[in-house]
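S.K.: Below, each chain spelled out in residue letters.
2 protein chains.
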Amino acid sequence: MCGKLQVVTSKASSVSVPEDRDSNGHHHVPLINLDHGDPTMYESYWKEIGQNLSLEIPGFESLSYFSNPKKLCWFLEPKLEDQIKKVHEKVGNAITENRHIIVGTGSSQLILAALFALSTSVNEPNPVSVICRAPYYSSYPEMSDFLKSKLFEWWGDADLFDKDKNEPYIEMVTSPNNPDGTIRQPIVNGPKGMLVHDLAYYWPQYTAITSSADHDVMLFTVSKCTGHAGSRIGWAVVRDENVARKMVKFIEINTIGVSKEAQLRAANILEMISLSCTQPNTRIPNFFKHSRHLMAQRWTKLREAINNNSLFHVAKFPKQYCNFSGEFVETYPAFAWIKCKDGVDCEKVFKGHKILTRSGVRFGCEAEYVRVSMLSRDDEFELFVKRLPTIHVEDANLN
Amino acid sequence: MCGKLQVVTSKASSVSVPEDRDSNGHHHVPLINLDHGDPTMYESYWKEIGQNLSLEIPGFESLSYFSNPKKLCWFLEPKLEDQIKKVHEKVGNAITENRHIIVGTGSSQLILAALFALSTSVNEPNPVSVICRAPYYSSYPEMSDFLKSKLFEWWGDADLFDKDKNEPYIEMVTSPNNPDGTIRQPIVNGPKGMLVHDLAYYWPQYTAITSSADHDVMLFTVSKCTGHAGSRIGWAVVRDENVARKMVKFIEINTIGVSKEAQLRAANILEMISLSCTQPNTRIPNFFKHSRHLMAQRWTKLREAINNNSLFHVAKFPKQYCNFSGEFVETYPAFAWIKCKDGVDCEKVFKGHKILTRSGVRFGCEAEYVRVSMLSRDDEFELFVKRLPTIHVEDANLN
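Residue numbers (UniProt numbering), protein chains in the order written: chain A, 1 to 399; chain B, 1 to 399.
It is worth saying that the hints were derived from the structure and are not from the lab.
Check before you lean on any hint, since a few could be wrong.
Said to hold, decoys possible - Pairs of lysine-lysine residues, derived as BS3-like cross-links and limited to a Cα-Cα distance of at most 25 Å, are as follows:
| # | chain 1 | residue 1 | chain 2 | residue 2 |
| --- | --- | --- | --- | --- |
| 1 | B | K246 | A | K148 |
| 2 | B | K301 | A | K150 |
| 3 | B | K165 | B | K148 |
Bear in mind that the values here come from a model prediction, so they are computed numbers and not experimental data.
Let the sequences and hints guide you as you build the complete structure.
M.R.: See the structure below:
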């Protein structure tokens with residue numbers, strides 16, 4: 001499916017932008033690492049909020065393994081559960097009523113927990129196939145296979161999966177998709193299919209909130225919502241109690257729960273975000289509006305930077321009505337999924353210009369594609385868009 | 001090996017202690033849960049320290065996935081690494097010089113990381129056997145097998161393992177041992193054996209520090225050292241760089257690192273503990289001395305409570321010279337490993353008196369044994385030792 005992207009073809013450029021120079025006037029080309037989706041862009045917002053939002057936790061608190069011993073998810077801090085429900089209600093991106101909320105050490109742990117829970121829910125002698133339409137999140141294959149589990153294994157591109165096999169499978173539905181930002185639906189729709197909706201990017205700064213998602217297993221993470229990737233807090237919204245119990249069991253065996261400090265801080269952060277969306281509120285800038293504005297600026301700069309460069313293509317996205325903002329909005333994905341000219345190893349071209357990206361090959365596509373993080377710090381992003389126009393078709397031809 | 005414990009046989013009792021009564025004079029027997037090793041005993045110390053030891057972390061800090069991008073363990077906070085090394089130096093229980101420190105989401109994650117790293121270090125078509133002498137930590141079998149990995153699998157009691165098979169195996173050496181508090185060495189010593197030393201309880205409140213441990217893979221956790229189980233912070237001290245790299249890789253795929261908040265708090269807590277051991281220091285009570293004193297009191301009370309009860313037996317431990325305290329000290333394990341009279345289902349007897357314990361069966365032993373946490377809160381422990389003398393041989397005979 002990688003090739004079906006709608007691409008904007010730009011024209012060749014004759015403009016040459018000078019390299020950065022250091023204080024001695026020498027060429028100095030600093031390395032720009034946009035391989036990971038490290039969401040440091042959000043630091044600027046949280047610096048504005050400043051010390052108002054410090055977590056303070058005394059030495060004698062949260063010693064116990066347990067947060068809520070009588071609940072299904074016994075290690076979930078009640079305050080975090082409340083704030084998760086509140087932010088979903090405020091944003092309108094997911095149904096949480098009568099659903100089980102499970103906290104995880106990032107959504108990575110929850111993906112594994114879901115694979116464990118779903119694959120052990122079916123009575124299958126062979127490992128259950130894990131599939132996702134390409135381009136798919138580069139970690140899915142590795143996460144599925146690193147322990148060589150007999151419960152589940154990576155199969156590959158869902159477009160190539162034979163739905164008539166009548167075997168159970170787990171389809172990862174990542175929407176908006178990592179790496180390419182597209183809105184997705186399940187595509188196999190086989191009789192024994194199980195679905196995991198990875199909704200890490202279904203927040204108003206990236207895309208239109210078109211409905212309150214209501215799927216069997218939905219995964220979210222503070223990393224991509226608020227930028228606090230270092231906290232390692234994700235959550236699952238799960239319909240079926242047995243699946244929820246098994247996911248909890250996985251996290252119990254894997255890490256005996258999830259850091260209380262991180263949960264309490266995430267609860268504070270989410271509370272602040274919900275508060276910032278409450279109108280009228282003059283004290284705190286609306287988090288999603290602020291972040292969306294930043295994303296819009298970055299995407300404009302990116303498109304300008306490659307506008308006259310025939311080497312690069314980036315998809316255009318249709319405008320959609322966003323229930324959260326109440327207006328038609330553009331899509332500003334957390335990653336740019338850049339296609340180079342046919343036959344060009346795009347990652348290599350960028351690397352030649354000291355820009356680290358992730359090759360399309362890692363996402364089940366051709367080497368002509370790369371994924372580039374749009375969530376870096378301002379100075380890094382500015383360097384990137386400044387350097388982009390200096391990369392020419394000729395660089396690619398040298399490969 | 002379960003039966004080889006040196007046991008103290010007590011005499012039959014004829015004393016009957018009245019049940020607790022509620023304010024209306026009715027019998028009221030509250031449930032006492034000593035199944036888990038939840039270290040809430042330590043709350044009292046940290047309350048004494050009080051607000052002096054609050055972690056404060058502003059909203060704009062620690063957003064990135066990375067703590068130390070250029071280091072092997074790129075998600076380890078430098079301050080935590082420093083404080084881990086400092087506390088080991090202060091206590092003298094482990095060599096950390098020229099070793100790799102790896103932080104994990106509790107030592108559970110590190111056990112799995114070690115199984116992954118060691119099993120993928122050998123080129124073996126079959127799953128590598130995981131073994132441990134019985135009684136062994138009840139979670140080892142489940143942790144080894146829950147994902148049905150083709151890399152490693154639980155084999156069982158190391159005493160029954162045929163070392164002449166000339167196959168690779170991983171022996172868990174838990175010392176002091178969970179559940180029985182004994183000091184352990186590797187026992188198979190086969191040519192292709194790999195060792196994981198689980199030293200969660202090798203701290204001065206539980207046992208004599210007889211030497212600075214120096215093994216290939218050593219695991220520790222704040223849960224059992226300081227009582228902060230809710231933080232989910234453990235660490236590994238690893239000699240071999242390749243093994244360390246693979247452990248880091250495991251944590252990267254499993255949870256993309258470890259919560260920064262929890263790491264920063266653990267660093268503060270460990271710093272305070274090291275400081276408390278620095279003489280002369282009148283401001284902060286010496287943590288290990290204080291905790292050892294509590295453990296000693298509890299063990300005295302436990303032994304008194306079962307002294308005249310022929311139903312229960314608890315091992316005695318030899319006194320050993322402790323380098324840390326500079327004196328001969330007793331052993332005060334974090335769990336009491338209680339043996340009932342032959343043929344008695346000990347967990348059932350306790351359950352009949354509304355005391356939850358963990359059956360010896362879970363540790364690879366007979367149902368005559370139970371593991372009882374010695375680390376509960378004061379009120380719970382007092383209830384326990386008060387109720388113990390009310391349990392009689394006759395209760396067991398009713399089974």
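S.K.: Taking the hints in turn, state whether each one holds.
M.R.: Cross-check of the supplied hints:
1. B:K246 to A:K148: 15 Å, holds
2. B:K301 to A:K150: Not OK: K301 (chain B) and K150 (chain A) at ~49 Å, beyond 25 Å, violated.
3. B:K165 to B:K148: Holds, because 23 Å separates the two Cα atoms, which is no more than 25 Å.
Checked against the numbered hints above, the structure breaks only hint 2 and satisfies the rest.
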